[in-house]
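Engineer: Read off the chains here:
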Amino acid sequence: MKTSFFKKPTIILVDDHLIFRQGLKSLITVENLGKVIGEASDGKEFIDLLALPAPDLVLMDIDMPHMNGMEATQKALELFPNLKIIVFSMFGDDEYYKKMIELGVKGYILKSTGINEVEQAIADVMNGKTYFSNVLPKITVSKLNSKKTEEIKEEPKAPIPWW
Amino acid sequence: MIQSIKRKPTLIIVDDHLIFQQGLKAMITAENIATVVGEASNGIEFIEMLSVCKPDLVLMDIDMPEMNGMEATKKAIELIPDIKIIALTMFGDEEYYYKMIDLGVKGFILKSTGIAEIEKAIRDVMQGESYFSNELLRKIIMNFSRNNEQKKNDPKNLTEREIEVLQQICLGSTTDEIAQKLNISPKTVKSHRANLLEKTACKNTATLILFALRNKIIDL
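From first to last, the protein sequence lines stand for chains A and B. For the first sequence, our numbering assigns the number 1 to the initial residue and increments by one for each residue that follows. For the second sequence, our numbering assigns the number 1 to the initial residue and increments by one for each residue that follows.
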């Protein structure tokens, strides 16, 4: 099968769990998805790294100490508006989904997906497209749905007269 | 240098984040630390796996859907009492530490530490020791000093010698090393150890170490 070609990007990994970073770096290297040129364990370290030549791509965790992924994304995009950021999220983070898209991230994937999806996301984003894990809309929709159902249950409205 | 040649341990990784699982497996394989014989994304999958393979070791996440790491640990130890489980934890899992240790996990590592520490933990646990990352012990102590008032075992019914033995156990000394340091026989060390377990109502060395920390018998 033919896959789209793109220059192997330079990447910065931002995640507070060293084991996760090391594992991801090793997968990215083995699968030849890009070149990891920097690692940061929180948003502050990451912003400091941006003083060096900017990477093509950032893989960004959300929940981190000192400065979280949201604040880091905002700062980074103020400095480099064209910076490509893909968010790595845990299930509990889907409240941030909308906010991160508004900030201008190019992709959003869940940590419960595998390296194949990471590869797809990197390829799409490097080709100028966006990549949003297709699990996400379902979560958002079902959340909104249940919220709506609750609202309906809680506030039954008087029937509107037909005229 | 001559190193003892040992069979590589077989290992199951249990974590709900596939990328984490895959990354950890890649590193463990690349560093030749163990043979990964299974991967599960929650407790139920893991327990099902145990009916087909019996691994030497399990790396276990705590917070997972369907069945979490605590329940999975409990079930696994019921099925295979000598299974060696190392918990992989995140900040915020503190409430589970004591429970997990009580259930019989052999080690605790924070996900914020790296593969070098995992390698060390696996080695120690395979040699029959327990392994707790220092960073974690520090957090446990902080936690305990905050809740110092509650459930306190009085360490005063321990003899001075028993406390000395306990301190050595916490430092990771072997029975022979303790015997040498305290100038007593290994047999005496073993009997002190048995007394310690009984007096403190601890099941194993791991709980004993926690007992010592909680009662400030040792300092980090």
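Calculated from the structure, these hints are not laboratory results. Where is the CB? At the ideal position from N, CA and C, for every residue including glycine. Treat each hint with caution, since some may be false.
Heads up, simulated EDC-like pairs for lysine to aspartate or glutamate below, C-alpha to C-alpha not over 16 Å straight-line [as the list claims (entries may be wrong)]:
#	chain 1	residue 1	chain 2	residue 2
1	B	25	B	119
2	B	74	B	45
3	B	203	B	82
4	B	25	A	31
5	B	203	B	102
6	A	25	B	31
Just a few of them, taken from the derived set where beta-carbon distance is under 8 Å, the chain A residues facing chain B [said to hold, decoys possible]:
#	residue
7	101
8	103
9	104
10	112
Engineer: Return the numbers of the hints above that this structure violates; sort them in rising order.
Structural biologist: 7, 8 and 9
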